[in-house]
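Participant: As a plain string of letters, each chain reads:
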Amino acid sequence: MFRNQYDTDVTTWSPAGRLFQVEYAMEAVKQGSAAIGLRSNTHAVLACVNKANSELSSHQRKIFKVDDHIGVAIAGLTADGRVLSRYMRSECINYGYTYESPLPVGRLVVQLADKAQVCTQRSWKRPYGVGLLVAGLDESGAHLYYNCPSGNYFEYQAFAIGSRSQAAKTYLERKFEKFPESSRDELIKDALFAIRETLQGEKLTSSVCTVAVVGVGEAFNILDQATVQALINEFEISSEEAPAAATAAEEAAGDAAADQGGAAAEEEAAPMDI
Amino acid sequence: MDTLLSSEGDSQRTQYPYVTGTSIIGIKYKDGILMAADMGGSYGSTIRYKSVERLKQVGKHSLIGASGEISDFQEIQKYLDELILHDNMWDDGNSLGPKEVHNYLTRVMYNRRNKFDPLWNSLVIGGVKNGQKYLGSVSMIGVHFEDDHIATGFGNHLARPILREEWREDLSFEEGVKLLEKCMRNLLYRDRSAVNKLQIAKITEEGLTVSQPYSLKTFWNFAAFQNPTVGAEGSW
Chain S
1 MFRNQYDTDV
11 TTWSPAGRLF
21 QVEYAMEAVK
31 QGSAAIGLRS
41 NTHAVLACVN
51 KANSELSSHQ
61 RKIFKVDDHI
71 GVAIAGLTAD
81 GRVLSRYMRS
91 ECINYGYTYE
101 SPLPVGRLVV
111 QLADKAQVCT
121 QRSWKRPYGV
131 GLLVAGLDES
141 GAHLYYNCPS
151 GNYFEYQAFA
161 IGSRSQAAKT
171 YLERKFEKFP
181 ESSRDELIKD
191 ALFAIRETLQ
201 GEKLTSSVCT
211 VAVVGVGEAF
221 NILDQATVQA
231 LINEFEISSE
241 EAPAAATAAE
251 EAAGDAAADQ
261 GGAAAEEEAA
271 PMDI
Chain E
1001 MDTLLSSEGD
1011 SQRTQYPYVT
1021 GTSIIGIKYK
1031 DGILMAADMG
1041 GSYGSTIRYK
1051 SVERLKQVGK
1061 HSLIGASGEI
1071 SDFQEIQKYL
1081 DELILHDNMW
1091 DDGNSLGPKE
1101 VHNYLTRVMY
1111 NRRNKFDPLW
1121 NSLVIGGVKN
1131 GQKYLGSVSM
1141 IGVHFEDDHI
1151 ATGFGNHLAR
1161 PILREEWRED
1171 LSFEEGVKLL
1181 EKCMRNLLYR
1191 DRSAVNKLQI
1201 AKITEEGLTV
1211 SQPYSLKTFW
1221 NFAAFQNPTV
1231 GAEGSW
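If you read the protein sequences in the order shown, they are chains S and E.
With the working numbering, letter number 12 in the first sequence gets 12, and the count goes up by one each step, no holes.
With the working numbering, letter number 227 in the second sequence gets 1227, and the count goes up by one each step, no holes.
Hint data in this document are derived by calculation from the structure and do not stem from the laboratory.
We put the CB at the ideal spot given by N, CA and C, even for glycine.
Treat the hints with care, since some could be wrong.
Cβ-Cβ distance ranges computed for the label pairs, FRET-style [stated by the list, open to error]:
id, chain 1, residue 1, chain 2, residue 2, range
1, E, ARG1107, S, ALA219, 22 to 30 Å
2, E, ASP1081, S, ALA16, 22 to 30 Å
3, S, GLY217, E, LYS1030, 26 to 34 Å
4, E, GLU1206, S, GLU234, 45 to 53 Å
5, S, SER90, E, ILE1047, 28 to 36 Å
6, E, GLU1053, S, THR98, 25 to 33 Å
7, E, GLY1131, S, LEU56, 19 to 27 Å
8, S, GLU177, E, ASN1130, 22 to 30 Å
9, S, ASN94, E, SER1045, 42 to 50 Å
10, E, GLU1175, S, TYR87, 31 to 39 Å
A few chain E residues facing chain S, derived, Cβ under 10 Å [claimed, not checked]:
id, residue
11, ASP1092
12, ASN1094
13, LYS1099
14, ASN1130
15, TRP1167
Computed from the model, here is a short list of chain S residues facing chain E with C-beta under 7 Å [claimed, not checked]:
id, residue
16, TYR95
17, GLU100
18, SER101
19, PRO102
20, ARG107
21, GLN111
All chains should be built: construct the whole structure from the sequences, respecting the hints.
Facilitator: What follows is the structure in structure tokens.
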């Protein structure tokens, strides 16, 4: 995607039928640090890579609790993510106040998507530069949704966003078929493995990642560092000897190429078509 | 106009009710909820309308009964129609249950009360969703609670003592109807705005049925009804 005469305004179409500003917003998501989500029939897990700018500063918050039954992980412009989290919390609280009942995740996600769509059709606005993985629980079970700056949303069994997310996606694609029946701990283990994929050889410790869970009988909560480190040790994920390692090394090379390829090809299908 | 006293211009507030329905009685029973209401609409002391339906379905899972001002109940039905319409428009497999409807109406009633313009009703909401039975009531000032058996208006004084004695968790349908009829008969004898034409509605997980209107058998040959004023001072 190179600069062209149709990319100044969000309300300008290109002759190929694309809105470049929206696609650039989706680029911002790809540049953010990785976030992954996966779900079973009863639980949903969010995990993200937490990189601090320097050793002196704290990590940036990328996972937010929205309500007892919903949480969100973001990638991209974290300020935009914070503002959208506030909106989601507000919607949940208002619904709970009126109906004494938790807001169904699917409805919150549609409201969020409609809010994002508005920003793609007003000349005085810009699209939100953040992708959101919304994990929640309602009457019909556990859900995981991905909300895009374009205003699209999709439901997933498992997904990953942000930089080097392709590596995590490849891992998840191999494993997702068993997720519906997985236990809570198995899901967390798979989440940590997926996060490790995005680190590309760097050591996985609880100081570089955050994990959160929501499920039947368990309100959305972010696991504390000690618990996460204990799980990492238990599953022996930090080292490269885990079974996924051998195949992951080959795929990492291929995935890196795929990441660059997607960005360079401007005549291929627009990213919003995914 | 007198703009000093009524600066809102034409103040259209409910000061008192005109056409009213009397008690509603609701009980939980084994399979769901039973509710009874007579079909009278009184205009003060006149029994003006005798075919008023005061029990209505709300969405898939709920039943509402209203006592008090009938026109305000019609207004509430419009609010509920809109609520259910938007709920259905989501088309996502989720639906509002009796608990949600009850709380929504509580918000509506309480907000109107705060504006000194109440909807002059006492409402009973009952239903079953996902196997859970629910029965609650809201008053015109927003007082709301849930219980195993509910009564409004005169039913508070004449029906609830009977229900407190005789209600049980595992009432069958026939036993529930008998219990409701006992309460309704008592109201018929003692509430001057009661009419002898009632409907009983049943709501279970499967759905709602409202009975056809029917009448209760009454017995007027109680000794106390003969020469009722004998021995009363100042009577003739």
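Participant: All hints are to be evaluated individually against the structure, with a verdict given for each.
Facilitator: Cross-check of the supplied hints:
1. E:ARG1107 / S:ALA219: 22 to 30 Å: The hint (22 to 30 Å, Cβ to Cβ) holds, given that ARG1107 (chain E) and ALA219 (chain S) are roughly 25 Å apart.
2. E:ASP1081 / S:ALA16: 22 to 30 Å: violated (46 Å)
3. S:GLY217 / E:LYS1030: 26 to 34 Å: holds (28 Å)
4. E:GLU1206 / S:GLU234: 45 to 53 Å: holds (49 Å)
5. S:SER90 / E:ILE1047: 28 to 36 Å: violated (50 Å)
6. E:GLU1053 / S:THR98: 25 to 33 Å: At 27 Å between Cβs, range holds.
7. E:GLY1131 / S:LEU56: 19 to 27 Å: violated (56 Å)
8. S:GLU177 / E:ASN1130: 22 to 30 Å: Holds, since GLU177 (chain S) and ASN1130 (chain E) (Cβ atoms, about 29 Å apart) stay within the stated range.
9. S:ASN94 / E:SER1045: 42 to 50 Å: holds (44 Å)
10. E:GLU1175 / S:TYR87: 31 to 39 Å: violated (51 Å)
11. ASP1092: holds (5 Å)
12. ASN1094: holds (4 Å)
13. LYS1099: holds (6 Å)
14. ASN1130: This hint holds: ASN1130 (chain E) lies near chain S, its Cβ roughly 7 Å from the closest one there, short of 10 Å.
15. TRP1167: Violated, about 25 Å.
16. TYR95: violated (9 Å)
17. GLU100: Check passed: Cβ of GLU100 (chain S) comes within 4 Å of chain E, closer than 7 Å.
18. SER101: It holds, given that the least Cβ distance between SER101 (chain S) and chain E is near 5 Å, below 7 Å.
19. PRO102: Because about 10 Å separates PRO102 (chain S) from the closest Cβ in chain E, which is outside the 7 Å limit, the hint is violated.
20. ARG107: Interface hint status for ARG107 (chain S): holds (6 Å vs cutoff 7 Å).
21. GLN111: violated (10 Å)
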